[in-house]
Amino acid sequence: MTLSPSPATGLVGRDNFPHRHLLGIANLAPHEIRFLLDEAEIWAALNRSEARKHDDRLAGLTQMNAFFEASTRTLLSFEVAGKRLGADVVNMHAAQSSVKKGETLIDTAVTLNSMRADVMVIRHMSSGAVQLIADKVDCPVLNAGDGRHEHPTQALLDAFTIRRRKGGFEGLVVTICGDILHSRVARSNMLCLTALGAQVRVCAPATLMPPAVERYRVMPFTDFNQALDGADVVMMLRLQNERMDGGFIPSAREFSLLYGLTPERLKRAKDDAIVMHPGPMNRGVEILSGVADDKDRSAITEQVEMGVAVRMACLDVLTRRQRGVPGWA
Amino acid sequence: MGMIAIVNGRLCDPAAEALSEGIVLVHGDRIEAVGQADFPEAAEIVDARGMLVAPGIIDLGVFKTDKPAFHFSGITRAALMPDQSPVLDDPGLVQHAARAGKPDFWVHPLGAATRGLDGAELAEMALMKAAGARAIATGRRWIADSGVMLRVLRYAASLNLVVVTHAEDGGLANGAVATDGETASRLGLPSAPACAEAIAITRDIALAREAGARIHFRFVTTAAGFALIRAAKAEGLAVTCGVSPSYLFLNDAAVSDFRTFARLSPPLRDERDRLAAIEAVADGTVDVLCSGHDPRGPEDKRLPFADAEPGIAGAETLLPLSLNLVRDKRVSETRMMALLAANPAKLLGLDAGQLTPGAPADLILIDPDVPWIVDSNKMAAAAGNTPFDKLPVQGRARMIMKGGVIR
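In order, the protein sequences belong to chains R and C.
Using the working numbering, you'd call the opening residue of the first sequence number 1 and step up by one each time.
Using the working numbering, you'd call the opening residue of the second sequence number 1 and step up by one each time.
No lab work stands behind these hints, which were simulated from the structure alone.
Accuracy of the hints is not assured; some may be wrong.
[Unchecked claim] Straight-line Cα separation of at most 20 Å, EDC-like style, residue types lysine to aspartate or glutamate; simulated pairs:
(1) R:Lys136 / C:Glu299
(2) R:Lys136 / C:Asp257
(3) R:Lys136 / C:Glu279
(4) C:Lys233 / C:Glu279
(5) R:Lys136 / C:Asp300
Make the full structure from the sequences, and use the hints.
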C-alpha cells in the first residue's frame, strides 16, 4: 500500500508530526502546527454533526488525565475529547492524590506509568514539570499547562478558532492583553501565532510584562488603546485574583479602567475584529459583558467548542504510532 | 621526623611572578626549603616530573565536606558554609564541624552571622571564633535589615573576623530562580534583574565603610558588581570578592530545557556579565576562586526547576576550569594559586596557602594537562550535579600532602 502525502504539507505519515509528546509550541515547526489544525477540522465537523459524535479509533487505549493543579474546563475538554475517540479516560486530581502526602513528582509519574497509560494529559503548577514527567514515562504526554511555561493545546485551539473566523494569519494583527508575565497561555500563543505569520502585540501593565518579551518577535504595549488600534483579534487574559492585592497592580478597578475591554474601546480595533478569552472570565474586570456576549464579535464560546476538536486531533495524532497507523509506526 | 624531597617539578609559588625550577623539601609537617637546596640522602624522593608543585587548594565556602571530591581536585582545606542542618550558629556545632575532615583535610567552619541565619539576632561570634570559626557568613542569604547588617559588620570587625556575604537584594531576588532575560521568560521561570547584585553590594560596601569592617563577597557575578568592587578597592576599603568557575564558563542559556544542575544561587547571568567576570579575574578585581561545592542528589535536583535546590557539585571541576584561565592566558599559574590558596588563606587568617620555608606542608602535585571528561554519572563527589557534564577538561591533582603526610 502506498501512502499519499498530506495535501497541505506534502509530507507522508509521521513526517507530518514526528514528535512523541506535545510539551509546547516552542519545538514545533510551522507546518507541524498547521498539520494539527488541519486534523482538527475533521473533528470540528464531527462534533457539530447531529448524529452520534463518536469515533472509536482510541478504543482500548487508556487516557490518564493527571491534573496536579485545579482545572475545570481544560480537564473536561480533554475528557470529552478522549471519550469521543473511544478511549478509556481516567482522571487524577491533585486534591485527592498522594501528591498531598509528600510523594515526589517523579514517584507519582512512575506510579502512573506502571498502570500502563497509553497517553497522559498532565497539568502542573511548576514550569517544566510536564517535561520532567514525560522523560520518565513510556507513553505520549500532552502538556495541559505547566506553570507559566506553556499551554500548547490552548494556543492551538486559539489559532484554530482564528483561522476559522479569519481564514488565515498573514498580516493579521492579534492583540493579547492582560497578565502576560504569569501566563502560559500568552507564551504559547506568542510562539504559535508568530510562527503562523500573524503580527502579535502584547499589552500589560509594566509590572505584568515578562523581561525581554520582544525576543518573541512581538510588540509590547502598556497603553491598551494603542495596542488595540487596527487589531483583527483581541485576546483578553484573565487577571488572577491573587495578583490584584497590590503586589503587581494597585487594584482591580484601576486595572479595569486601564485594561478592561469595553464596547467603546473595542471600536479602536477593526470593525470585524473578534474578541477571545481563554476563560474563566472576570466579567467587569478585564472584559465587560457587553463585549463578551456580543454574538458578532465574541468567539469565546467557539474557543471552548474548538478546544474539544483540537484536543481530539492531538490525542489521535500522538497515539498513531502505538495504534500502528500506516506511515506512523 | 623524616624528610621528603619533591624533585623535578615546576614550583608554583602564589607569591611569585612565574613558575620556577627547584625542589621542595619537607621536614615533618612543615616546608623546610624551597628552590635550589641540598637534601639529605635519607630523604624520601617524590618525582614530580611534568607536574606543578603548589600549595593545597583552600576552597572558601563549600556546603558539604566531601573528601573524595576534594582529593580529586587537590583541596586540602575547605571553609564550610554555615548553611547546615542545624545552622552553624553555635560554638558546639562549629567545634564539631571543625573536627570533621582531620587529618586528611581541614575544615574551617564559617560561623553564622545571625542565629539560624534568620537575619535578626547576632550569633555568638566570639564563642564561635574560640571554637574554630575563621570568618562570619550570612550564608546563602542576604540580611535584609540594614541595621542588623551594620551590627554584624561592627561586631565581627571588633573580633577581626571577615564577614562573608551573599550579594543579592532579597526584595528582588526572593522567589526568583533565574536572571531576567529571554531564557527565563521563555521557560516561564520566576526571575530577578541582575541589578539585585549591585544593589546588595552597594549597601554592604557602604555599611562596611561605616563599620570599618572587612567584607568578602563570596560570589560576584555581574559587570556592575565588579565595578563596585574595583571602586571600593581603589578607595582602600578592605573589600574582597570571589567567583566560581560556573559564572566564568556558563551563562543563563545553560538553564534551557529546565536543567536543574544549572540552578545556582545567585543565578547564572547573561553573556555580557560572564565576560565581565573573566575580565575581573584577569585584572585582579577577583581575589578568590572557589567551588561552592554543594553535592545534591535527585531528591533535591530531579524536580521542576523552580522547586529544585540551588548549587552544584563543583569541587572536582574547580582545578581544571581554573587551569582553563591559564590556558586562555588570562592568569598565570602562580596567580591561579593565589586565587585558589594564598588569598583565601589570608582572608581566613590561616597559616597556609604558601610555598615558602616554614609554611605547613600542605602540598599538591598538579598534572596540568591530563585530559578527562566530566561525567555526572562517575563523579568522585557525593552527587553528580554538575552543569559541566560531558565537558572535556584538562588537569587534576596527582598527589596530596596534608601536614607533611601523603594522603
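So, going through the hints one by one against the coordinates:
Taken as a hint, the Lys136 (chain R) and Glu299 (chain C) pair is honoured in the structure, with Cα atoms around 15 Å apart against an allowance of 20 Å. Between Lys136 (chain R) and Asp257 (chain C), the direct Cα distance comes to roughly 15 Å. Compliance with the 20 Å bound is thereby established for this hinted pair. Distance check on the hinted pair: Lys136 (chain R) and Glu279 (chain C) sit about 42 Å apart at the alpha-carbon level, beyond 20 Å; violated. About 16 Å separates the Cα atoms of Lys233 (chain C) and Glu279 (chain C), which keeps this hinted pair within 20 Å; it holds.
For the hint linking Lys136 (chain R) to Asp300 (chain C), the alpha-carbon distance of about 17 Å falls within 20 Å, and the restraint holds.
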